[in-house]
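Colleague: Spelled out from the first residue to the last, the chains are:
2 protein chains.
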Amino acid sequence: MTERLVVIGGDAAGMSAASQARRRRPVDDLEIIAFERSNWVSYSACGEPYHVAGYVERLESLVARTPQQFGAMDIDVRTRHEVTEVDLARRVVVARDLEEGRNFFTGFDQLMIATGAKPLRPGIAGVDLDGVHELRTLDDASQLRQIADSRKGNVVVVGGGYIGLEAAEAFHIQGWNVTVVTSGRRVLDRTLHSDLGQKVVDAMRRVGIDVVLGTRVECINGTDQVESVGCTDATYRADVVVLGLGSEPEVELARAAGIAVGPTGAIAVDDHQRTGSSGVWSAGDCAEAMHRVTGKPVNIHLGTIANKAGRVAGINLGGDDAVFPGVLGTAITKICDTEVSSTGLRLIEAQAEGFDAVEGRATGTTTAGYYPTASEITISTVAERRTGRIIGAEIVGGSGAAKRIDVFATAIWSNMTVQDLAWVDLAYAPPFSGVWDLIHISARNAARLALR
Amino acid sequence: MTERLVVIGGDAAGMSAASQARRRRPVDDLEIIAFERSNWVSYSACGEPYHVAGYVERLESLVARTPQQFGAMDIDVRTRHEVTEVDLARRVVVARDLEEGRNFFTGFDQLMIATGAKPLRPGIAGVDLDGVHELRTLDDASQLRQIADSRKGNVVVVGGGYIGLEAAEAFHIQGWNVTVVTSGRRVLDRTLHSDLGQKVVDAMRRVGIDVVLGTRVECINGTDQVESVGCTDATYRADVVVLGLGSEPEVELARAAGIAVGPTGAIAVDDHQRTGSSGVWSAGDCAEAMHRVTGKPVNIHLGTIANKAGRVAGINLGGDDAVFPGVLGTAITKICDTEVSSTGLRLIEAQAEGFDAVEGRATGTTTAGYYPTASEITISTVAERRTGRIIGAEIVGGSGAAKRIDVFATAIWSNMTVQDLAWVDLAYAPPFSGVWDLIHISARNAARLALR
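Line by line, the protein sequences give chains A and B. Going by my numbering, the first residue of the first sequence is number 471, and it counts up by one from there. Going by my numbering, the first residue of the second sequence is number 471, and it counts up by one from there.
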């Protein structure tokens, strides 16, 4: 008898699950229908700032696979369809066709909830004015690109996280006057040590982006169109405002259906991506994931996690057995000439989790010091005192710096100690590092503190 | 009572040992004398091609620390002094002052042998003609740079290894006509799969470097000055010849003293860098090191290994306890626009060592495919069948490709499997990788074959 899988949400997690399930079960064994509220499925939200900046010309480049391509795989994708209700007892969802304005029921045997996250919006006057944008969906990216191309003016970016800073740089590249306002004392302060975040601020200011720290947005002013942003420190002229205040898991549908939500506010899942409700799966920004350092559930909104967890769900839906091994929250970006990355726990997070933790810090050059492309790099390694177990790392530096974080992610993954990492046979040639990579030196410095 | 440490060879291994010993033992406890045949100590041989190319202007930039700086650390460095004999019974060395032409005896309590390696020279007519060079010492680099600057002409590089190709590119950058001749069917064929080496050949040919594979040098022609190189396929005009045929450990002194040499032909050492003779230590190109994949001794000439092993010797000489954890032979370079790296065992090496091994291959882009700097990258992952244990990897690709090898080195170091590596939380943003890094895909492909 043919089963039916209904997927709610057609981005990374949902479509990875659908694809993996389809590979393992033919259409006469498993029918797959995916509902997606927007016009697009399976796209790279992370690529959007580069479309706005003009680095990526065609919006379609950001789409990994179209509904038509999924159709050819016998995955029935319905864009502009929003699921408004899930009835677990009757095993049906109610979907609304947003184009035609009608609701209909669709039955399911298996349900994959991949509703993702929604942007946080400040509860202030003026957020609904024309010219106030987010940068989340491809439609957002398309609009902002058209605006950035069509004229030049003042843009105020609210928020100092990854998306905010990437949007700021995109408008800067497009020739706009850019002001970033954030309540944080630094930028990227949820992933970086405070003083490393300052290096990113410096990089942005060097190119002329105005970064205002420690201010709060009180109101957005304008009649129909935004005209300025009122902050606690000053009022900033704005033809466009981009809100980059982070996001929260989109769980209303799941919660209303009685699907269990975990301590983070996201949908609780086991290591097979099963929710607490039989035949209901979840993955991606709306779901929790186990943090490998703490062993606790976290809810981190990253495409890497969504793709991996979605893949695990799909393999299991397909009848094979896959275990999601957890996350470290590894993240990376490039802001102006400065690369930034982090993995695991920051020192203050480690301490808050009860670790007796130390931080080994090292500053040097990305290549041999005498090589012409040498630029500064700083690595911070966080380790547990006595054992030396690596629990986190952060990197800030010039070209070639930040992808080194993958060594730390791999080391944390395998419970390596800083004593071990300090001797690993890493690659050296003058265009790539010093003979001791700064990874070694940072780990050695951490070992010295951890074992003292 | 004050002991005396004599160090033979003043480059990475010898001077690392001296520095670490000094840090732990003051001069009234340990006197340190280092003899070095050349004019230079503690220099970066790996940086020499970049001096020849003109990327690094000052030769002195390649020197990590001068004899004067060592002197300030109470390490007595004697350049232009060659140790000609070691007498273990009487605990003395005979050193020859090459400037003044006299020999003298120096007693020792501890002896560090760091004599390094010497270039292999072909046993053919003409190798001693003017214009035939090696690129090994700083003096070699200085000469070649002067030649490259002073005129333009034809250079023939003999050998398709790292140094040969780096020298070839250096002369190309300097505007010379460059021909590389090698007996190999590919370049870098001691570290790369044959077809990956071809990508390096292609990169060199694209810029106009002539690469002649599968030929053999029969003679170097000329009266006083080299005029041409006679190969089995043709004769190549040459104003300069650079020999890059690899190197062998410099062990005559040790062997004559009765210090045990291992199966590789290099000095046998334990995991503390002790030789078989009491109070005699060795590290660097002249010494063996344990390969972590095979558990067997190897002799690989890399600055990384020399620095680490020298450091271990020095820590132990200083009275602390350090264990050299072994090597993977991780190596990296950049030839024209193409980066190359490898670690662990190649497939054919693994098979020769008795591993039932498989190779997972993946080709993709260094960044997100749509990002403007995307270039091709290929990763080969070698794993043991059934267990999936990672035993080697190779990477060839554009900018940002090759340093990924460090993830494999770290994974091999901690006995990770390809099944594990396929899920590690590696960093992703469009300027740095796809959402699945090619590391994941290569590991996944290897897992598929290993576990089939």
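Just so you know, these hints were derived from the structure itself, not from any lab. The structure displayed is predicted, hence computed values, not measured ones. For glycine and all other residues, C-beta sits at the position ideal for the given N, C-alpha and C. Any given hint might turn out to be false.
What the hints assert, rightly or not - Simulated restraints, written as ranges between beta carbons of each label pair:
| id | chain 1 | residue 1 | chain 2 | residue 2 | range |
| --- | --- | --- | --- | --- | --- |
| 1 | A | Val-564 | B | Leu-921 | 47 to 53 angstroms |
| 2 | A | Gln-668 | B | Gly-577 | 53 to 59 angstroms |
| 3 | B | Arg-655 | A | Thr-857 | 46 to 52 angstroms |
| 4 | A | Asn-509 | B | Lys-766 | 45 to 51 angstroms |
| 5 | A | Pro-496 | B | Pro-733 | 52 to 58 angstroms |
| 6 | B | Pro-733 | A | Arg-922 | 55 to 61 angstroms |
Colleague: Taking the CB of Asn-509/A and the CB of Lys-766/B, does the distance hold inside 45 to 51 angstroms?
Modeller: Since the Cβ atoms of Asn-509/A and Lys-766/B sit about 60 angstroms apart, the hinted range of 45 to 51 angstroms is violated.
Colleague: Using the beta carbons of Gln-668/A and Gly-577/B, state whether their distance is inside 53 to 59 angstroms or not.
Modeller: Given about 55 angstroms between the Cβ atoms, the range holds.
Colleague: Taking the beta carbons of Arg-655/B and Thr-857/A, is their distance inside 46 to 52 angstroms?
Modeller: The hinted range 46 to 52 angstroms holds for Arg-655/B and Thr-857/A, with Cβ atoms some 49 angstroms apart.
Colleague: CB of Pro-733/B to CB of Arg-922/A, is that within 55 to 61 angstroms?
Modeller: violated (41 angstroms)
Colleague: Confirm or reject the claim that Val-564/A and Leu-921/B have a C-beta distance inside 47 to 53 angstroms.
Modeller: For Val-564/A and Leu-921/B the Cβ distance comes to about 43 angstroms; the hint is violated.
Colleague: When you take the CB atoms of Pro-496/A and Pro-733/B, is the distance between them in 52 to 58 angstroms?
Modeller: Between Pro-496/A and Pro-733/B, where Cβ atoms are some 56 angstroms apart, the hint holds.
The structure shown violates the earlier hints numbered 1, 4 and 6.
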